[in-house]
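All chains, please: the whole structure from these sequences, using the hints.
Residue numbers (the working numbering), protein chains in the order written: chain A, 1 to 313; chain B, 1 to 313.
None of these hints come from the bench; they were simulated from the model.
Built from N, CA and C at the ideal position, the CB exists for glycine as well.
Just some of the chain A residues that point at chain B, by a computed CB distance under 10 Å:
hint: 1; residue: D16
hint: 2; residue: R123
hint: 3; residue: D128
hint: 4; residue: P258
hint: 5; residue: A279
Covered by chain B, per the in silico footprint, the following chain A stretches (three or more residues, Cβ under 8 Å):
hint: 6; region: 112–119
hint: 7; region: 130–143
Protein chains: 2
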Amino acid sequence: MEAAPCTVLFHSTLDDPSEWIPRLSTLLPNETIRAWPDEGDPANIDLAVLWTQPPGGLERYPRLSFVQSLGAGVNQLELDVLPPRLRVARMVDPAMGPMMAEYCLTAVLRYHRRFDAHERSQRAGRWDFIPPVSPRHFPVGVMGVGELGAVTATALAAHGFPVRGWSSRPRSLSGVTCFAGHSELPAFLDGLAALVCLLPLTAQTRGILNAALFDRLPNGAYLINAGRGAHLVEADLLAALASGRLAGATLDVLHEEPPPSDHPFWRHERVLLTPHVAALADPDGAASLVADNIMRFRRSEPVLNEVDRMRGY
Amino acid sequence: MEAAPCTVLFHSTLDDPSEWIPRLSTLLPNETIRAWPDEGDPANIDLAVLWTQPPGGLERYPRLSFVQSLGAGVNQLELDVLPPRLRVARMVDPAMGPMMAEYCLTAVLRYHRRFDAHERSQRAGRWDFIPPVSPRHFPVGVMGVGELGAVTATALAAHGFPVRGWSSRPRSLSGVTCFAGHSELPAFLDGLAALVCLLPLTAQTRGILNAALFDRLPNGAYLINAGRGAHLVEADLLAALASGRLAGATLDVLHEEPPPSDHPFWRHERVLLTPHVAALADPDGAASLVADNIMRFRRSEPVLNEVDRMRGY
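Below, the structure is given as structure tokens:
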């Protein structure tokens with residue numbers, strides 16, 4: 001006997017519903033797929049596919065029992081305010097690893113080959129010859145070596161950069177020197193030319209990109225944050241750029257996206273903002289992953305990549 | 001019996017004599033190495049290691065018989081005015097291939113991941129979301145698949161870009177679709193997202209980056225010129241950028257380096273200038289290649305990478 005059809009709500013400020021809804025409708029012909037704000041009666045929503053909570057919050061959906069995140073991280077869902085009975089799964093789209101790795105490689109190469117400096121020289125009308133150095137002399141550190149971080153660290157190492165990885169719990173990664181835990185953070189940071197943050201956002205990692213951490217880096221290091229905006233203490237970044245401790249920062253994530261129009265990052269010549277594009281789920285492949293997880297949930301089978309609500313990722 | 005010591009003149013506006021002279025002196029203990037302008041009596045100069053001709057020209061050195069170029073190309077030596085008896089060798093430093101490949105990968109990735117657009121949006125205070133596309137949908141063409149071009153094309157293909165190569169004579173390169181000759185140029189250009197020029201500069205390739213060529217590219221294509229400045233018709237590039245045929249250009253070489261202060265490239269927001277840094281001979285390894293070629297010449301053995309003075313490369 002087949003279960004009664006259920007209603008799935010889709011909401012994202014990043015992912016395009018016109019790409020997702022037709023695919024999900026085809027893959028889940030027995031369910032009703034609704035794209036916010038066309039949600040119908042909130043009391044009928046059983047499941048949700050979300051980047052963030054829709055306006056008004058998830059409290060509006062009394063029957064909601066399962067949320068599939070559209071992001072590799074889930075902090076943007078603000079789990080703390082969700083009832084513990086609500087189950088949540090992260091997005092693990094195999095296409096996102098190479099996409100994130102490519103974004104970070106682009107940002108690291110741009111610094112390694114001094115395109116940032118060349119851009120500033122050009123704007124100032126200066127022809128400043130800076131000879132290139134080998135990637136062997138440009139060590140890169142990757143904080144967070146989960147699904148996206150591991151692919152990224154491996155891709156950077158394959159290009160020829162010496163790569164270190166750091167994570168809260170010990171990991172092992174071929175071709176990458178791995179560090180773990182707070183005690184190994186100074187050794188991880190020592191001498192890095194560029195630091196890439198791909199951590200999950202948790203109580204432990206919130207604000208981890210701060211003045212104390214920057215002070216462990218050599219002068220002139222570069223920062224790339226494609227984790228979450230709240231990893232970064234923005235005032236500390238501004239101070240580190242002003243002092244020369246950091247030579248530049250590429251930020252794909254911010255506390256507020258987009259930042260307010262008077263935010264100093266907009267006009268900072270050593271900050272490059274990208275509009276949260278480092279790695280997105282590709283509906284071509286990811287819609288079937290979402291549909292599969294929804295069917296698993298519906299059949300009371302274990303869902304894939306379920307979030308540990310205590311740990312937060 | 002040992003030959004009488006000879007005098008080697010070093011001159012470059014790009015390569016640092018303080019890096020090169022000590023290495024060459026150590027490697028060639030029997031020769032006298034002089035760094036221009038400290039050349040002594042011009043009549044005593046037998047051999048030269050050059051980027052360009054020193055001021056006053058090579059006619060000043062009546063005994064000069066062999067020139068080792070510091071560049072992978074030799075057009076900057078202005079061979080046409082040199083006596084045909086003067087033998088010339090190109091620089092083939094194995095370190096230059098990866099360096100050039102890295103430069104081109106940096107420039108291509110910057111466009112592919114739209115960092116150029118993000119930079120413009122940021123300066124305009126706009127948060128323009130542009131979703132990333134797979135490198136599979138970003139075909140890149142490499143003109144010139146000699147030592148540097150072959151390594152570059154292969155590196156771009158390894159990253160995931162569909163790569164085409166074009167050269168005057170047919171070549172074959174694993175993982176790269178190769179085209180040759182003028183007749184195959186339209187097929188090579190058709191649909192390219194980015195075009196990389198690494199050609200040698202000859203009478204046939206001078207001005208090859210012109211309006212007729214740009215018109216074979218799709219609207220919004222990108223140009224990267226790391227060959228020679230004279231490959232490009234600069235006015236045609238400005239017109240192609242104005243019409244939208246080209247969306248941007250990264251130029252490591254120019255007709256005049258640096259360009260005059262009133263040159264429109266300086267302030268063009270879709271032109272990125274880099275100060276001839278794509279690939280330089282690394283004195284650490286290349287000094288021994290130069291010394292080896294000088295010893296070959298001195299022993300009347302065949303020198304490596306000798307230029308065909310008729311062909312021009």
